[in-house]
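Each chain, written out:
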Amino acid sequence: MNNTATCQETLEYLQEFMDATLTADQVGRLRAHLEACPACAGELAVQREIRNRVAAETPRRQPPAELRRKVTEILTTKPREKQTLLPRPALQWGLAFATLVLISLVSLTLLNRGGERIPPILIEAVNDHRSFVMRGTPPTAPTADPHEVRNWLAAKVGFEVDPPIGQPAGIRFMGGDVTYFLERKVACLLYGKGQTLVSLFVLPERGVEVPRTGFRQVDGLELYVTSREGYGVALWKQGDLLYALVTDLPPDELVGVAKEMTQT
Amino acid sequence: MPLSLSFLKQYLLGSTAIEGDAATFQHEAVKHLTSLYNFALGLTKNEEDAADLVQETYLRALRFQQRFKPGTNLRAWLFKILRHAFIDNYWRRSREPAIEDAEAEQSSATLADVEGPRGVQAGPLNRLVRIDLREALERLPNQFRTAIVLSDIEGLKVEEIAEIMDCPTNTVKTRLFRGRQMLRKTLKEYGT
Chain U
1 MNNTATCQET
11 LEYLQEFMDA
21 TLTADQVGRL
31 RAHLEACPAC
41 AGELAVQREI
51 RNRVAAETPR
61 RQPPAELRRK
71 VTEILTTKPR
81 EKQTLLPRPA
91 LQWGLAFATL
101 VLISLVSLTL
111 LNRGGERIPP
121 ILIEAVNDHR
131 SFVMRGTPPT
141 APTADPHEVR
151 NWLAAKVGFE
161 VDPPIGQPAG
171 IRFMGGDVTY
181 FLERKVACLL
191 YGKGQTLVSL
201 FVLPERGVEV
211 PRTGFRQVDG
221 LELYVTSREG
231 YGVALWKQGD
241 LLYALVTDLP
251 PDELVGVAKE
261 MTQT
Chain B
1 MPLSLSFLKQ
11 YLLGSTAIEG
21 DAATFQHEAV
31 KHLTSLYNFA
41 LGLTKNEEDA
51 ADLVQETYLR
61 ALRFQQRFKP
71 GTNLRAWLFK
81 ILRHAFIDNY
91 WRRSREPAIE
101 DAEAEQSSAT
111 LADVEGPRGV
121 QAGPLNRLVR
131 IDLREALERL
141 PNQFRTAIVL
151 SDIEGLKVEE
161 IAEIMDCPTN
171 TVKTRLFRGR
181 QMLRKTLKEY
191 GT
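Order-wise, the sequence lines are chains U and B. When you line the first sequence up against my numbering, it's residues 1 to 264, in that order. When you line the second sequence up against my numbering, it's residues 1 to 192, in that order.
No lab work stands behind these hints, which were simulated from the structure alone. A virtual CB, placed ideally from N, CA and C, is assigned to each residue, including glycine. There are no misleading hints in this set.
Simulated pairs of lysine to aspartate or glutamate, EDC-like, Cα-Cα distance not exceeding 20 Å:
no.: 1; chain 1: B; residue 1: Lys188; chain 2: U; residue 2: Glu57
no.: 2; chain 1: U; residue 1: Lys70; chain 2: B; residue 2: Glu48
no.: 3; chain 1: B; residue 1: Lys45; chain 2: U; residue 2: Glu66
no.: 4; chain 1: U; residue 1: Lys70; chain 2: B; residue 2: Asp52
Counterexamples of contact, computed for chain B against chain U with all Cβ distances above 12 Å:
no.: 5; residue: Lys69
no.: 6; residue: Pro70
no.: 7; residue: Asn73
no.: 8; residue: Arg75
no.: 9; residue: Tyr190
Start from the sequences, fold in the hints, and give me the full structure.
This is how it looks when you write it as structure tokens:
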């Protein structure tokens, strides 16, 4: 290996060189180059000078006392779950028992409703959509450029997803995210329609349980539409991928959006 | 999704270990108030908005506290929450800064090809106006300024900044490199 870095390498690692996060070997190679190359040495001097000036000439301001007080108050407020916990062991066990009974009843209801078990994908997709709504933060890949999101997702989930644009339905693409359910990585494409969030979950269909009945033909597409916990859900397959669209738009709009998405 | 035993224990019985973790989290989180406030000031350019942003950051951090992995970088996590909260609020008002940044990044295709800050036209008249480093920093496009503030004022490393700004480390390095060159150019033309 050459003991001297090139100009390109030197510029590429200038920041780490200043941060002192390079290995001794890397530092040696960069130093050797900097000693021999006035242009790169000059660039290092400029970067160092500006860095030092930024640190020295932008003094930090102390937060107002009122803000400090409010933050302390926020941090010392116990999360709601803990505030409502019952203090005495007998009541705690009572609550534990009641909760377990409730969980059993709900599970039995879910299992027996209509004689068909609710496929986990419907439960997971709605849960994740709700968490996006509650979280209120932008997607991890907050870009409206579908190609950028496609590449970002391919690196994260290991399969390729072309984000449907959905423009004709008045949907704006907001970005992509990744979630985990059914023990696999799932690509999330987030859209907005007015103030309403629309989540499209995409995952390889292999091995995923879907409803056995209820799919219907909509313009040549096998579409399953249902509602769960106040959200509308549409499921369809395209190629090897399974799509789950979740939103609280009215059912007719949900179908319209699903149709648009399968065509773009 | 099945409920885990540990979740049931947490939810139903509470746990001194959990409360201990919460106390540690709160103790550690408050240490970063000054850094977060200054970062928020740089983003909002307004004391009142900065204070609101910091409060929202702590509220979100507390709400998502269970997602934080003890032993990992709490400071970078808080900065990331703050930046997301800022983007979230800003999106509701205007998307202009994102557009400006995208254009600014596209305008400089290579490390050697550096454009001056937007809105600053070099010329004889402008030479009469002197600006200091702080003003020059504020004139930088948002993404460049954020990277420089996190690196040069807050002392964060490239990987941490990349995590906060949701971008690859090479993008961070390019923003730092070009941002400092832009600063130097502005200071040369208008400052000291």
